[in-house]
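Put chain H on the given structure of chain S with help from the hints.
Those sequence lines, one after another, are chains S and H. FYI, this note's numbering numbers position 93 of the first sequence as 93, with every residue one higher than the one before it. So this note's numbering is basically just the index in the second sequence, starting at one, shifted up by 112.
Keep in mind the hints are simulated off the structure, nothing from the lab. All of these numbers come straight from a predicted model, not from anything done at the bench. Ideal placement from N, C-alpha and C gives every residue a C-beta, glycine not left out. Some hints could be false.
[As the list claims (entries may be wrong)] Here are the simulated distance ranges between beta carbons:
hint: 1; chain 1: H; residue 1: Leu175; chain 2: S; residue 2: Ile57; range: 18 to 26 angstroms
hint: 2; chain 1: S; residue 1: Val55; chain 2: H; residue 2: Leu212; range: 39 to 47 angstroms
hint: 3; chain 1: S; residue 1: Ile57; chain 2: H; residue 2: Phe215; range: 31 to 39 angstroms
hint: 4; chain 1: H; residue 1: Asn131; chain 2: S; residue 2: Arg110; range: 19 to 27 angstroms
hint: 5; chain 1: S; residue 1: Ile28; chain 2: H; residue 2: Glu174; range: 36 to 44 angstroms
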Amino acid sequence: MSQTTPVTGSGSDAAGHAEKQGSVALYIWIGAILAVLTFVEVAVYLIDAFEAVEVPILIILSTVKLFLVVMYFMHLKMDHRALTWLFLSGVVLAVFMVSALVVLYHVLPRFA
Amino acid sequence: MAQAVAASAHDAHDPHATNTGVSNFKLGFWVFLASECLFFGTLISTYMVYKGSALEGPYPAELFDIIKTTISTTVLLFSSLAMVLALHYVHEARKNLAILWLFAVIAMGGTFLVMEYFSYIKYIGYGLTIGSSTFGSSYFVLTGTHKAHVAVGMIWMAILAWRLHKGKIPPSKSDQVEVAGLYWHFVDIIWIVIFTLVYLIP
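Only chain S is shown next, with the shape it has when bound in the complex (with noise of 0.2 angstroms):
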């Protein structure tokens, strides 16, 4: 076996990411939705229509935004699903604490 023949690891991470990663007009259609989406939430946040929807709608945008990001660019979508529930486990448990505190600080004394 030469030294640089890749089996497992690194050597073949890189071999098989070679294979597996998305194309250049991949990446830039990716990078385009990303903008218009950011132009879309700026446009929610500045047209008073939307004022009745806007946190859902911005809430919405903002998670699309971050699945593209981390599924694409990241290459979660491509690379093994143990690191998608790793990364999962970390973003679920942030977003309980922030939601729990919102709820416990802004909503709940609404009702008190």
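For chain H alone, kept in the frame of chain S given last:
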């Protein structure tokens, strides 16, 4: 027997082999990123808890320039595109293009930091400092920590560009660039969350 010999030879050449095919370096970095989610989660929680509770101004609505922040946000988003293109060209062993895109990442990260620096100067001019109110404290700690991450990422990209230039990162070691990319994209997604929760949601 043959398998044992192959395994032995393999161990001798690749001490970081894993049965998932994911390098320990990359796996460890994903664990770090999961912990960073909780780190920023605490800072965002603090900001959200204190949101609207400041007794003295200036208040967020008086300060934030959404158009300028949108421009800096878009610049940071495009820096993520530049980062993924740099990694793409490292995989294709096109060193010069990879270095070019790494410099684009550094330039866009720098642009983001300069724009945010002028925002800070403006806020301080209006009387908002880290000690002026609960809003000031939680805002500057949250966004300042994020900017520190951006600065660290820029230094990391500069080191990678130098190592690429010196030929020390062949395609077989592209996980060095990939992990740096994971860090940069993570910094980007944290800003996506901050932009929405701090600047856009009233």
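Range hint 36 to 44 angstroms (beta carbons of Ile28(S) and Glu174(H)) holds or violated:
holds, 38 angstroms
Hint says 18 to 26 angstroms; check whether the CB-CB distance for Leu175(H) and Ile57(S) agrees.
holds, 24 angstroms
Given a hint of 19 to 27 angstroms, does the C-beta separation of Asn131(H) and Arg110(S) actually sit inside it?
Once the Cβ atoms are compared, 52 angstroms apart, the range 19 to 27 angstroms for Arg110(S) and Asn131(H) is violated.
Please check whether Val55(S) and Leu212(H) have a Cβ separation lying inside 39 to 47 angstroms.
This hint holds: roughly 41 angstroms between Cβ atoms.
Using the C-beta atoms of Ile57(S) and Phe215(H), is the stated range 31 to 39 angstroms upheld?
holds, 36 angstroms
Of the numbered hints listed earlier, the single one contradicted by the structure is hint 4.
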